[in-house]
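Student: Sequence:
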Amino acid sequence: MHNPTMLFFQVLFLRSSDPKKKPDLNQIWTTILESRAKGLESDHAYSILDARQVKVNQRLVKLRNPWGEKEWKGDWNDNCPEWPKTSKKRLNTSSTNDGVFWMPWEQMPSFFSSVTICKINANWHEARKRGQFCDFSSTITSVYSLEVPYGAELEIEVFNSGDGDYYSRLKDPDVDLFLILLNSKGYCKGYKHDVDYYITLSTQVSSGKYTIIVGSMSVVNYLVCPSFNLVVHGSRPFDVYDQPSTNEILADAFQTVALKTTNRQDMGGGVSILTFDDNG
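For the sequence shown, the UniProt record's numbering gives the first residue as 1, with consecutive numbering after it.
Keep in mind that the hints were calculated from the coordinates and are not lab data. A quick note: this is a predicted structure, and the numbers were derived from the prediction, not measured.
Computed cross-link-like contacts, BS3-like style, restricted to lysine-lysine with a CA-CA straight-line distance of at most 25 Å:
(1) 209 <-> 129
(2) 73 <-> 55
(3) 192 <-> 129
(4) 260 <-> 209
(5) 185 <-> 129
Listed next, with one range per pair, are the computed distances between beta-carbon atoms:
(6) 130 <-> 218: 16 to 22 Å
(7) 79 <-> 239: 54 to 60 Å
(8) 239 <-> 45: 31 to 37 Å
(9) 244 <-> 59: 48 to 54 Å
(10) 198 <-> 147: 20 to 26 Å
(11) 55 <-> 98: 22 to 28 Å
In this text, a Cβ means the ideal position worked out from N, Cα and C, and glycines have one as well.
Construct all of the structure, not just a fragment, from the sequences and the given hints.
Tutor: Here it is, written out as C-alpha cells:
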C-alpha cells in the first residue's frame with residue numbers, strides 16, 4: 001500500500017543540553033570501535049533493500065551503504081562460509097565491495113538504534129496546523145476537531161518547530177511531547193508520548209468525529225511558548241478544525257488514557273493508582 005524507504009540511524013551526542021545528563025563517552029567510544037570492526041560506519045544511515053528468511057531460525061536483512069563501500073564483516077557477510085550455494089545465488093550475494101550486504105536481523109539492535117519508515121503516497125490527503133505549546137493554565141489552542149466521513153488509515157504527527165536545522169538540535173533541545181486521539185464518546189483511540197523533536201501516531205479509524213490533543217509535559221510557565229506543527233495524513237478525505245482548549249478537556253483526556261491501561265494497582269478504600277507508558 002505504501003512505497004516505504006527504511007533508514008537506520010544512530011545519533012551519538014557528545015554534549016547534552018541537560019546539565020544533569022552527561023553522555024557516556026566510554027560507551028560512545030566503544031560503540032564506534034565495534035561498528036568500525038564490523039565494517040559499519042557509525043552515526044550513518046543505511047537503507048534496507050530486502051528481508052528474507054533463509055533457514056527456520058535465520059532471518060536476514062539486505063542493507064546498502066549509500067557511500068558505496070565498507071561492508072558488514074560479521075555473520076553472514078558476503079564471504080561467509082555459512083552461505084548455502086543455492087541461497088547465495090538466489091539472494092544475489094556478491095563478494096565485491098559494492099556497499100551492499102546481508103546481515104542477521106537479530107544482530108541489528110547491537111549496531112543500529114531505530115528504523116525510520118518514510119511513507120510516500122501521492123493519493124493520500126494532508127492537513128497541517130500550527131500551534132503553540134503552553135502550560136496547562138493557558139487557553140492557547142492545542143485541541144483540534146477531526147472529522148472523518150469514511151473509514152481511513154491515519155498518520156498523525158507533531159513536530160517541535162524549533163530551529164528547523166537538524167544539526168542545531170543541541171542548541172534547540174527535544175521536548176516532552178504527547179499526542180492523544182479521542183473518539184466522539186471521549187474514549188482514548190490512541191496515545192503517544194516521547195521526549196523527542198517529533199512523535200507519530202499511526203491508527204485506523206472508522207467514520208466519525210474525533211478530537212486531537214497536542215501538548216508538552218515540559219512546557220510550564222514559559223514566557224514565550226514554543227511552536228509546533230501538527231501534520232495529519234489520511235488514506236481517505238478528512239477535515240481538521242481548531243477547537244478551543246479547556247482544562248476539563250485535558251483532564252478528561254488523561255483520565256481516559258489512564259483508564260485504558262492495564263497497569264492498575266488497588267490501594268484499598270476505593271483508591272486505585274493507574275499508570276501508563278509512552279504508548280498508553
